[in-house]
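Take the given structure of chain G and dock chain R with the ligand to it, following the hints.
Chains G and R supply the protein sequences, listed in that same order.
Position in the first sequence (from 1) plus 2 gives the number in the numbering used here.
Position in the second sequence (from 1) plus 3 gives the number in the numbering used here.
Treat the hints with care, as some may be off.
Unchecked claim - Reference excerpt, derived from the structure (chain R facing chain G, CB under 10 Å, subset only):
1. Gly235
2. Leu238
3. Glu318
4. Glu383
Claimed, not checked - Taking beta-carbon pairs under 10 Å as the criterion, some of the chain R residues facing chain G (in silico):
5. Phe236
6. Gln240
7. Leu288
8. Ala387
Stated by the list, open to error - Here are the simulated DMTMM-like cross-link-like pairs (lysine to aspartate or glutamate), alpha carbons at most 20 Å apart as the crow flies:
9. G:Lys84 <-> G:Glu67
10. G:Lys21 <-> G:Glu6
11. G:Lys84 <-> G:Asp26
12. G:Lys21 <-> R:Glu318
13. G:Lys21 <-> R:Glu394
14. G:Lys84 <-> G:Asp51
15. G:Lys21 <-> G:Asp31
16. G:Lys21 <-> R:Asp379
17. G:Lys21 <-> G:Asp32
18. G:Lys21 <-> G:Asp51
19. G:Lys84 <-> G:Glu62
20. G:Lys21 <-> R:Glu383
Read the hints as simulated data drawn from the structure, not as lab findings.
Just so you know, these numbers come straight off a predicted model, no measurement behind them.
Glycine included, C-beta positions come from ideal geometry on N, C-alpha and C.
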Amino acid sequence: MPVEVSTQEVRSAVQEFLKRFIDDVEGIDDVRLITGGLLDSLVAVQMIDFIQQRFGITVEDEDLEIANFDSVNGVVAFVDRKAGTA
Amino acid sequence: MSAAATRKPGHQPPCVHHQLTKDAELRALAEGEFAARVAGWERAGHVPDDVGEHLAATGVLGALVPARYGGTAWTHQRYGEANRLLGTLSSSLQSLLTVHGMVTHALARWGSAEARSRLGELTAGRELAAFALSESVSGSDVRSLTSWAERGPSGWRLTGTKRWICFGQLADVFLVFAMTESGDAAFVVRRDDPGVRIIPEAATAGFRAARLAVLELDRCAVGSERLVGRPGFGLTQVGGRALTLGRLWVAFGSVGLAQSCVQATLARADRAGAAGRRLKDFQLLRGLISDTDVAVRGAHLLAVSAASALDASSEWAVSEVLAAKLAASRAASLAASVSAQVHGAEGLLADGAVHHRLGDARVMEVIEGNTQLVQDLLAEQVIARWRAAPEGANR
Ligand SMILES: Cc1cc2nc3c(=O)[nH]c(=O)nc-3n(C[C@H](O)[C@H](O)[C@H](O)COP(=O)(O)OP(=O)(O)OC[C@H]3O[C@@H](n4cnc5c(N)ncnc54)[C@H](O)[C@@H]3O)c2cc1C
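Isolated chain R, as found in the complex:
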């Protein structure tokens, strides 16, 4: 058997502009209803409860679920662009697509027959899903998680505290990771299960409207059909795959965030000042404008390339996703800090969009693998890829 016979064909070069024009419905929603309300919800620090219904009408909440379970089965590229689009408006709102997408995908792939039969509620937006992995002392180092699931006669009893759950205040379904006597595992926990307590997190500087919650589980009893995948595979098959997807959505969301910061920067820099002078004419600022442009457009291309690698099940898709996440979250940080700089004092208003977006960009470098962890993982991939094809035949 030859390696060449089984290697997937290389994916097509990205075509960004084609993607940008798709999804008229989602675009209309973003530019109409949501655009009119976003400033209010960001100031208030919470995305309103009805966004799920609005989003559901566009099909985006079922995008990562096959049609047989009620999904709309979008490509990674198309869902990525949806994340980018919502990211231009609000990173808090975009984070709903990240977590709801990760969880619905995992349930469609690894859920029990019962979990799959309930997917229609999630794809139709009647229910929302959240991702509950992090704990107070188990953030980047997921292997150190302390939540525990005890096997009982008819199911499991879960105990532990999950932190920083995006949309945890609204979610009906949580994908919870816990240790068992046979290794790490993933479970579906429902909001109305016994022993569940949901407490809003204190306000965060970024993703301030993302309805973050703490999930407390106190001997929460669930049936055996709530296990997702198998013990020993919770953090790999279920969590690892979900995180790869989550990183891609964070990459696209970061590109959207960065693009909105660029818009704000340009609008400010091109405004005529006192003696008719415009900030855009200062050479040092021109350097910032061009560096940001290169970073943001480069990150978008990497994100599109990673999405098409996943669409083609290409062998190094994981590595492409890591590269996209690293580039895009950093591009967002750069674009947000340049925007803050050119806005001067106005950029420091605690309740202003410029400042909020700077906080959002900080979050992008922490969630779904912090920048240093992603660098570490990407280096491993780059070296492995080199070892697999030292002559570069695989690239």
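Isolated chain G (complex conformation):
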């Protein structure tokens, strides 16, 4: 079941996750995380798990579009669509 969250909450949760692995997340919202090599494959997988658990959504096969996970903005838009946030 999707958890009710605002777009801003999604953004800060994703940034909070990234802070564990990236020293400086200031102004990072459009930076390419996966294709830019900022996250290694293990951490990219952990990020997807984090999004699923935190927002109660399931990443399906058809959700595997790189644009959905390659930037903070991409993730926020994706979660908004999946969870139908305001």
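Okay, now just chain R with the ligand, sitting in the frame of chain G:
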């Protein structure tokens, strides 16, 4: 929304002894049929073709597949113990569980409807699966892979050379990683596809019976249903998850290997020598015996803990798996070298078990992430975990 509300409950502390007594069928197979034949196949340098059928009867080949696709859906703990058990006998044989498990799991999770509908062949052991990621110049650094898949009107054309594929000589199904114009991707390649050539690898010092092969793909044409996951996610969602599982199986397999080395060490050290003197009484050897005991038992606990973290989908399971892989592969190296040392000249017989197991332990520190790479990845996790909860609330 609070973080506490979504955090998974902590997993239970490991209960090793309970696990050890399960799976009577697999144990009977290991201690009967396989135990009688293992020395022969290790010397000959190949696990016989019929092991798949024997293993299938125990359900272990479908362990990582849900029942709806014909699997037996074991827990990570249970499959881990199966790896440990086979690891005590033969690391070559155990490696079949590593790769077959990784691939069947990936296909059940990310395979097309067609790939899933064929899983029953793999879970029943009528077919075997192998994992084809490494290339000559793309080993630890998987992002540098050069195999290429070209999109065509009705599917894909794959070209490239994959190396060091465990059970590649026997496998019917290969999970192959290649680059595409839209990023890294994973594909199912079948042994009988056009443009596939399978060549045995030269003999390796460890895993000498693991039927290693080179897979050559020359414009190998496959249908679009052979794509696993999506381009751009081959090395993360498909490969990354598979490697985490593979590391856990290598950890359990290493524990089994280490345990068998400990047995050999103790048997040798407790044997009465010339003047009734036993090696076990030399104080320096007693140090080796106790250090090995601590390393091996500690690694087993870490492996069980990592398996239960995965069973509970706990947030830091990946980190636990890395710790288990690091500890267990090193424990195996220690136990194998101590065994080689106490066996003296006998331990150096090129065709002997002591020497073979030393080679197996070397492999454990190279595959599924070499020791230094795993240290690097684990440090990243340890620091991230600290950043997430500086007070240690998460531990
Ligand atoms: C018996 C056996 C079975 C195998 N089975 C399979 C299989 O089934 N499928 C498959 O795809 N592959 C398989 N492999 C390949 C295996 O995964 C690779 O050998 C492994 O990834 C290491 O790659 P490499 O040999 O190219 O060594 P390299 O990547 O060149 O590494 C050599 C050494 O360099 C150091 N090093 C490398 N990277 C780093 C780093 N990031 N940080 C610090 N130090 C580093 C380490 O000390 C490492 O041992 C197998 C290999 C063996 C020997």
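Hints, verified against the model:
| no. | hint | verdict |
| --- | --- | --- |
| 1 | Gly235 | holds (4 Å) |
| 2 | Leu238 | holds (5 Å) |
| 3 | Glu318 | holds (7 Å) |
| 4 | Glu383 | holds (7 Å) |
| 5 | Phe236 | holds (5 Å) |
| 6 | Gln240 | holds (6 Å) |
| 7 | Leu288 | violated (40 Å) |
| 8 | Ala387 | holds (4 Å) |
| 9 | G:Lys84 <-> G:Glu67 | holds (13 Å) |
| 10 | G:Lys21 <-> G:Glu6 | violated (23 Å) |
| 11 | G:Lys84 <-> G:Asp26 | violated (28 Å) |
| 12 | G:Lys21 <-> R:Glu318 | holds (16 Å) |
| 13 | G:Lys21 <-> R:Glu394 | holds (16 Å) |
| 14 | G:Lys84 <-> G:Asp51 | holds (15 Å) |
| 15 | G:Lys21 <-> G:Asp31 | holds (12 Å) |
| 16 | G:Lys21 <-> R:Asp379 | holds (18 Å) |
| 17 | G:Lys21 <-> G:Asp32 | holds (15 Å) |
| 18 | G:Lys21 <-> G:Asp51 | holds (16 Å) |
| 19 | G:Lys84 <-> G:Glu62 | holds (10 Å) |
| 20 | G:Lys21 <-> R:Glu383 | holds (12 Å) |
When the structure is compared with the earlier hints, violations turn up for hints 7, 10 and 11 and for no others.
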